[in-house]
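Trainee: Go ahead and model the full structure; you've got the sequences and the hints to work with.
In UniProt numbering, the protein residues as written are 1 to 107.
In short, the hints are calculated from the structure, not lab data.
Treat the hints with care, as some may be off.
Pairwise CB distance ranges, derived in the manner of DEER restraints [unchecked claim]:
1) E27 x G52: 15 to 25 Å
2) M1 x E32: 30 to 40 Å
3) K56 x S103: 26 to 36 Å
4) S102 x E32: 16 to 26 Å
5) D49 x S102: 15 to 25 Å
6) W51 x W31: 13 to 23 Å
7) S102 x Q80: 28 to 38 Å
8) E8 x R41: 14 to 24 Å
9) D57 x R106: 27 to 37 Å
Nothing here was measured: the structure is a model prediction, and the numbers come from that model.
Each residue gets a CB set at the ideal place from its N, CA and C atoms; glycine is no exception.
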Amino acid sequence: MYNNQSAEDIAARIAAGEDLYLLDVREPNEWEIASIAGSERKAMSQINDWWGDLPKDREIVVFCHHGGRSAQVCQALATQAGLTQLTNMTGGIDRWSVAVDSSIKRY
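Mentor: Put into structure tokens, the structure is as follows:
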């Protein structure tokens with residue numbers, strides 16, 4: 001249904017030039033604290049408003065704070081929207097801030 005990959009693996013794929021659609025499903029108050037450059041922000045709480053606008057021709061990497069909500073979003077997008085190119089970024093933005101970019105604030 002969907003893949004799981006670490007923040008480090010996603011960062012390596014981006015550095016290698018892969019065209020990944022980074023989807024941040026945290027809530028707006030969380031976006032104000034920390035964000036990953038180039039990611040799209042679409043709150044999980046409003047998934048019914050935006051899921052139909054997602055690209056169907058490229059891999060979507062979904063992330064949240066630690067990876068739990070993003071896994072739920074991947075599950076929903078796979079089963080309800082029929083999307084097949086989905087990856088949950090395990091560890092979320094928290095892991096990204098530790099392993100990839102320490103300038104991103106942890107919370």
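Trainee: Now look at each hint and say whether the structure bears it out.
Mentor: Checked hints:
1. E27 x G52: 15 to 25 Å: holds, 20 Å
2. M1 x E32: 30 to 40 Å: holds, 32 Å
3. K56 x S103: 26 to 36 Å: holds, 33 Å
4. S102 x E32: 16 to 26 Å: Given a distance of about 19 Å, which is inside 16 to 26 Å, the answer is holds.
5. D49 x S102: 15 to 25 Å: violated, 34 Å
6. W51 x W31: 13 to 23 Å: holds, 18 Å
7. S102 x Q80: 28 to 38 Å: At 36 Å between Cβs, range holds.
8. E8 x R41: 14 to 24 Å: This hint holds: roughly 22 Å between Cβ atoms.
9. D57 x R106: 27 to 37 Å: Taking Cβ atoms as reference, D57 and R106 lie about 34 Å apart, which means the hint holds.
Figure legend: structure checked against the earlier numbered hints; the only hint not met is number 5.
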